[in-house]
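Peer 1: Chains as they are written, first to last, in the numbering used here: chain A, 200 to 323; chain B, -17 to 136.
I should point out that these hints are in silico values taken from the structure, not numbers from a laboratory.
It is possible that part of the hints are untrue.
[Unchecked claim] Each computed BS3-like pair below joins lysine-lysine, with the alpha-carbon atoms no more than 25 Å apart: (1) A:Lys255 x B:Lys28; (2) A:Lys221 x A:Lys263; (3) A:Lys219 x B:Lys46; (4) A:Lys295 x A:Lys255; (5) A:Lys263 x B:Lys46.
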Amino acid sequence: MVENQAAALAFYTDTLGFKKSKDIPVGEFRWLTVVSPEGYPDVELVLEPNANPAAKAFQEAMFKQGIPLAAFEVDNIEAEANRLRIHGVKFTMDPKQLGPVKLAIFSDTCGNLIQMYQQSEKRA
Amino acid sequence: MIHPELLGRLCRARDLLRNWEDEPLSISAVARTSGLTRFHFIRLFKAVFGETPHQYRLQAQIEKAKHLLILTHFSITEICMGVGFSSLGSFSALFSRRVGMPPSEFRRLYGCESAALERQLPSSLIPGCLSLMAGILDKEQFSRRHSPDDADSV
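With the sequences and hints as input, model every part of the structure.
Peer 2: Given below as structure tokens:
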């Protein structure tokens, strides 16, 4: 859920590296999705407006608690974190080993915390 | 890295920006409540929330005005003053720029008796995944939802 769909599209494509998939105007809002260029093309992330008061309350509460609303796997978390920091992205958790995964949490500038993680050993 | 405690203070500052009643708003005062200098506060706020405290405040005022336009019968001047603007001209100009139409047009389009009675926004302004898709599937129904008389239909 995002505060401003245009700003969200810019962040998720220019900064995070997703590719725009669907962009269909629906009244006041857009059905806006992005996909990972390295992932399954039929798994899409919807950048949904948070204009529903219930959605906004949920989103703000989760943010306050420091809980991410989505998680994405990366191959090299340290390199990704450094790349994002150069773009000015703020982390609420720097890459940290927790059991079998290394994970980090950052703010997506749209009202959400997002987690990324790297598996220590890639399964064959 | 932003410590969880600082993240909490930034969230409280955001609430304060949204709910600030005494005009004019002092960004420095809000910054002090989160224990940061004005400069550091503005930079950090923008990096975390994507817009400056001032931009966030303006958007919050516009959102409040949208609700009042739909849910109350206050005049546009009263709403302008009520959300903290002192000039009707600058309020209308900002509203038009951010919403895409002037306040009077917004009220004409979305305001209706049932919304005011139920104190609930019309469904066309409350998105949800499935209702968004339903809008695509049923264009005719969607355009009907835009007429003020039918704005409360699902």
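Peer 1: Are there hints from earlier that the structure breaks, and if so, what are their numbers?
Peer 2: 2, 3, 4
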